[in-house]
Amino acid sequence: MSVSPTLPAHLRPALLADAAADESSLRRFLQGLPGVDPVGVESRAAALATRSIKSTAKLRAIDLAISMVDLTTLEGSDTPGKVRTLAAKARRPDPGFPDTPTVAAVCVYPDMVAVAAAELAGTGVGIASVATAFPSGRSSLEVKLADTALAIEAGATEIDMVIDRGAFLAGNYGKVFDEIRAIKAACGSTRLKVILETGELATYDNVRRASFLAMLAGGDFIKTSTGKIAPAATLPVIHVMLQAVHDWYALTGDRVAVKPAGGIRNTKDALRYLVAVREVAGPEWLDPFLFRFGASSLLNDLLMQRRTQTDGHYSGPNYVTVD
Amino acid sequence: MTLDPHSPGVRAATDWDYAPAPESAAIGRVRDRYQMFVGGSFVDGGGDDLETLNPATAQPLSTVSTASVADVDVAVGHARKAFEGSWSRLSGAERGKYLFRIARSIAERARELAVVETLDNGKPIKESRDVDIPTAAAHFFYHAGWADKLQHAGFGPSPQPLGVVGQVIPWNFPLLMAAWKIAPALAAGNTVVIKPAETTPLSILVLAEILADADLPPGVVNILPGAGDIGKALVQHPGIDKVAFTGSTQVGKQIQRALAGTGRRLTLELGGKAANIVFDDAPIDQAVEGIVNGIFFNQGHVCCAGSRLLVQESVADEVVAKLQERISTLRLGDPMDKNTDIGAINSAEQLSRVTALAATGEDEGAVRWTSPCPVPDRGFFFPPTVFTNVSQSMRIAREEIFGPVLSVLTFRTPDEAVAKANNTPYGLSAGVWTEKGSRILGVASALRAGVVWANTFNRFDPTAAFGGYKESGFGREGGRSGLAAYLNTDDEGI
Numbered sequence: 001m002s003v004s005p006t007l008p009a010h011l012r013p014a015l016l017a018d019a020a021a022d023e024s025s026l027r028r029f030l031q032g033l034p035g036v037d038p039v040g041v042e043s044r045a046a047a048l049a050t051r052s053i054k055s056t057a058k059l060r061a062i063d064l065a066i067s068m069v070d071l072t073t074l075e076g077s078d079t080p081g082k083v084r085t086l087a088a089k090a091r092r093p094d095p096g097f098p099d100t101p102t103v104a105a106v107c108v109y110p111d112m113v114a115v116a117a118a119e120l121a122g123t124g125v126g127i128a129s130v131a132t133a134f135p136s137g138r139s140s141l142e143v144k145l146a147d148t149a150l151a152i153e154a155g156a157t158e159i160d161m162v163i164d165r166g167a168f169l170a171g172n173y174g175k176v177f178d179e180i181r182a183i184k185a186a187c188g189s190t191r192l193k194v195i196l197e198t199g200e201l202a203t204y205d206n207v208r209r210a211s212f213l214a215m216l217a218g219g220d221f222i223k224t225s226t227g228k229i230a231p232a233a234t235l236p237v238i239h240v241m242l243q244a245v246h247d248w249y250a251l252t253g254d255r256v257a258v259k260p261a262g263g264i265r266n267t268k269d270a271l272r273y274l275v276a277v278r279e280v281a282g283p284e285w286l287d288p289f290l291f292r293f294g295a296s297s298l299l300n301d302l303l304m305q306r307r308t309q310t311d312g313h314y315s316g317p318n319y320v321t322v323d
Numbered sequence: 001m002t003l004d005p006h007s008p009g010v011r012a013a014t015d016w017d018y019a020p021a022p023e024s025a026a027i028g029r030v031r032d033r034y035q036m037f038v039g040g041s042f043v044d045g046g047g048d049d050l051e052t053l054n055p056a057t058a059q060p061l062s063t064v065s066t067a068s069v070a071d072v073d074v075a076v077g078h079a080r081k082a083f084e085g086s087w088s089r090l091s092g093a094e095r096g097k098y099l100f101r102i103a104r105s106i107a108e109r110a111r112e113l114a115v116v117e118t119l120d121n122g123k124p125i126k127e128s129r130d131v132d133i134p135t136a137a138a139h140f141f142y143h144a145g146w147a148d149k150l151q152h153a154g155f156g157p158s159p160q161p162l163g164v165v166g167q168v169i170p171w172n173f174p175l176l177m178a179a180w181k182i183a184p185a186l187a188a189g190n191t192v193v194i195k196p197a198e199t200t201p202l203s204i205l206v207l208a209e210i211l212a213d214a215d216l217p218p219g220v221v222n223i224l225p226g227a228g229d230i231g232k233a234l235v236q237h238p239g240i241d242k243v244a245f246t247g248s249t250q251v252g253k254q255i256q257r258a259l260a261g262t263g264r265r266l267t268l269e270l271g272g273k274a275a276n277i278v279f280d281d282a283p284i285d286q287a288v289e290g291i292v293n294g295i296f297f298n299q300g301h302v303c304c305a306g307s308r309l310l311v312q313e314s315v316a317d318e319v320v321a322k323l324q325e326r327i328s329t330l331r332l333g334d335p336m337d338k339n340t341d342i343g344a345i346n347s348a349e350q351l352s353r354v355t356a357l358a359a360t361g362e363d364e365g366a367v368r369w370t371s372p373c374p375v376p377d378r379g380f381f382f383p384p385t386v387f388t389n390v391s392q393s394m395r396i397a398r399e400e401i402f403g404p405v406l407s408v409l410t411f412r413t414p415d416e417a418v419a420k421a422n423n424t425p426y427g428l429s430a431g432v433w434t435e436k437g438s439r440i441l442g443v444a445s446a447l448r449a450g451v452v453w454a455n456t457f458n459r460f461d462p463t464a465a466f467g468g469y470k471e472s473g474f475g476r477e478g479g480r481s482g483l484a485a486y487l488n489t490d491d492e493g494i
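Heads up: the sequence lines are chains U and L, in that order. One point on numbering: in the working numbering, the residue at position 37 of the first sequence is 37, and numbering is uninterrupted. One point on numbering: in the working numbering, the residue at position 191 of the second sequence is 191, and numbering is uninterrupted.
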């Protein structure tokens with residue numbers, strides 16, 4: 001893999017290992033990243049949101065978006081029954097149209113993983129589980145590791161961890177780094193999504209730093225949000241993260257995946273994210289291996305819009321199943 | 001589409017691109033023939049009919065009746081009569097009502113105007129829709145608000161209008177330039193004779209319909225399509241009290257020579273060769289966006305375009321690589337497609353000028369890079385082009401190209417950046433990119449340019465004064481100082 005010359009010397013791979021050598025190196029590395037100008041990134045996001053996606057491009061995008069959904073239920077009121085119906089929906093999103101793609105995964109709490117795993121065995125639909133004292137992450141590393149192990153033993157194929165935002169905001173980048181490393185080690189070959197909870201990081205500079213921190217520590221995905229904090233995913237935030245994975249690829253030759261979660265409720269929004277994926281990260285990321293939507297209500301809007309495209313007219317919410 | 005969410009996909013088979021999304025040309029309601037607007041009526045002029053082309057297809061779009069030199073005289077007469085008859089005696093509040101009415105009509109007919117502009121000019125519909133037309137309406141709204149507040153504008157208790165104003169505007173922002181010129185002139189109580197560019201006469205003639213529908217008193221605004229000879233006759237007409245010109249420095253100099261000693265007022269907004277200065281502590285990704293917007297907005301047909309990129313040597317390779325990658329994603333093609341980023345060059349003449357100047361870059365030893373985007377096989381198109389290894393002495397670093405061609409130069413220190421940025425006969429605009437606030441202020445105050453953007457570029461707002469230093473002209477448009485250009489602010493006027 002040839003290394004692109006597009007990044008300054010202090011970002012080149014030979015020095016990347018050094019970047020995480022100790023707390024102060026890590027701080028120098030992360031704080032040495034170029035800043036993000038909020039006005040600029042927001043206006044670029046707004047400009048790209050005006051792309052007009054019509055006809056065949058729209059239908060194709062809808063199918064792509066469906067195949068990227070991590071169909072999620074993360075409620076205190078979740079029951080085995082709720083998770084079973086979610087799994088059925090994931091397997092066959094629109095029974096009236098069997099050619100509808102399946103979603104990428106379902107996303108549940110660790111104690112519901114076994115239920116989902118039983119429903120989804122052999123379907124190709126993944127089982128993602130939040131872990132590490134989701135959503136706040138306020139617990140010891142031991143508890144977080146145990147939480148992770150519990151989910152994996154029950155059959156999770158992907159782990160969605162949260163970073164310690166308190167440590168990050170206090171500047172203890174090493175602590176955040178070590179935790180991600182430890183969870184990644186516990187995951188083994190299970191893919192790890194690192195939730196930055198960008199709504200609590202507050203600045204785009206922090207989003208970029210946290211993205212690089214998660215990638216340095218070996219995260220397979222960088223994910224915006226838990227969905228429990230507002231604002232969750234936004235277009236400018238996803239622009240910053242897509243630019244980060246793009247730069248990381250130029251640096252290392254590795255493609256890290258991205259997952260916005262929370263707040264993406266309709267097809268129009270999803271298409272805007274796909275446009276950003278295409279034009280900021282690059283077309284290679286238009287792949288459910290490299291991009292996911294963490295969502296619950298989005299799927300039904302995608303299905304309704306899909307029917308509109310194939311039938312030529314709008315139907316209505318009663319023609320798609322509630323869960 | 002079978003992509004496995006749990007293993008890396010095979011990309012080639014699954015790329016997703018946008019389907020064509022053309023705006024409907026019918027919305028523009030382009031007629032076969034347009035007439036001049038003089039004395040409140042649409043009339044044929046004494047000049048030969050002019051065929052205007054759609055630059056995206058090089059096919060005829062419409063025919064326009066043009067003015068003769070005698071028509072200039074007639075139009076100035078109407079404007080004089082309107083000035084002395086009704087317009088200068090109306091209260092500011094009444095003039096404001098007309099301007100508000102015009103502003104609202106532009107907003108109501110925005111979609112139609114955007115289509116007309118794109119068909120006639122070649123700029124992408126997303127720009128005419130999101131920038132040109134809304135900003136034109138904003139200029140009328142802004143100046144409508146001034147009309148009854150002139151005595152509070154800081155020009156004395158009773159600033160007076162100048163009289164009849166002769167205005168000549170360019171083809172790069174046809175309607176927006178008309179708004180920049182007409183709105184402040186009317187708000188201040190002047191009457192107007194205006195000549196649009198030869199290649200883009202249509203949108204201002206749609207504006208003429210709006211003026212007529214607004215019941216603007218006859219003769220307050222007169223629109224004379226025509227070529228350079230009509231512009232010359234207009235600016236030299238003895239019945240004109242003030243001339244406002246936007247166009248090339250060469251023509252600006254001729255006008256200034258012709259008006260010298262006549263006592264008539266003059267404001268000129270001319271060419272530019274703006275430096276966009278990127279320091280090593282800049283927000284790099286947004287700087288790349290700003291560079292792209294600075295030079296490729298409106299195909300680079302912008303007098304304040306950031307046509308010289310001055311980048312600090314320590315980040316030059318990174319910035320140029322990111323820039324080329326970003327430029328490769330720009331979509332060049334049918335200006336009517338809503339996803340087109342770069343439209344057509346306005347005319348065959350301009351295309352050959354851009355082509356010839358770009359060729360000198362290679363001849364003089366600069367390294368040429370051209371976006372790999374496909375270029376349509378008809379119409380006037382020029383792909384985004386970047387020259388590196390450019391030195392200050394090359395023509396592409398000194399002359400205004402007025403096209404999608406960027407020259408990249410490097411610098412080592414802030415002083416060197418400022419020296420290079422100022423080393424041009426022009427001085428219209430500049431950009432500064434750095435996360436360091438004190439550097440923004442220091443560099444901005446050292447730059448000899450009328451507009452300095454910090455961490456952004458090519459932002460326009462009617463409240464902000466726009467205008468040049470040195471051979472980029474004098475006088476300001478927009479804001480309070482733009483208003484001053486249309487008022488007698490001398491002591492005897494008080």
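Take the hints with a grain of salt, since some may be wrong.
Here are the computed lysine-lysine pairs in the DSS-like style, where the Cα-Cα straight-line distance is at most 25 Å [as the list claims (entries may be wrong)]:
{"no.": "1", "chain 1": "L", "residue 1": "K470", "chain 2": "L", "residue 2": "K253"}
{"no.": "2", "chain 1": "L", "residue 1": "K81", "chain 2": "L", "residue 2": "K232"}
{"no.": "3", "chain 1": "U", "residue 1": "K54", "chain 2": "U", "residue 2": "K228"}
{"no.": "4", "chain 1": "L", "residue 1": "K232", "chain 2": "L", "residue 2": "K253"}
{"no.": "5", "chain 1": "U", "residue 1": "K268", "chain 2": "L", "residue 2": "K420"}
{"no.": "6", "chain 1": "L", "residue 1": "K420", "chain 2": "L", "residue 2": "K470"}
{"no.": "7", "chain 1": "U", "residue 1": "K58", "chain 2": "U", "residue 2": "K228"}
{"no.": "8", "chain 1": "L", "residue 1": "K470", "chain 2": "U", "residue 2": "K54"}
{"no.": "9", "chain 1": "L", "residue 1": "K338", "chain 2": "U", "residue 2": "K58"}
To be clear, the hints were calculated from the coordinates, so they are not data collected in a lab.
Against the structure, the hints come out as follows:
no. : hint            : verdict
1   : L/K470 x L/K253 : holds, 12 Å
2   : L/K81 x L/K232  : holds, 22 Å
3   : U/K54 x U/K228  : violated, 33 Å
4   : L/K232 x L/K253 : holds, 12 Å
5   : U/K268 x L/K420 : violated, 46 Å
6   : L/K420 x L/K470 : holds, 15 Å
7   : U/K58 x U/K228  : violated, 30 Å
8   : L/K470 x U/K54  : violated, 48 Å
9   : L/K338 x U/K58  : holds, 15 Å
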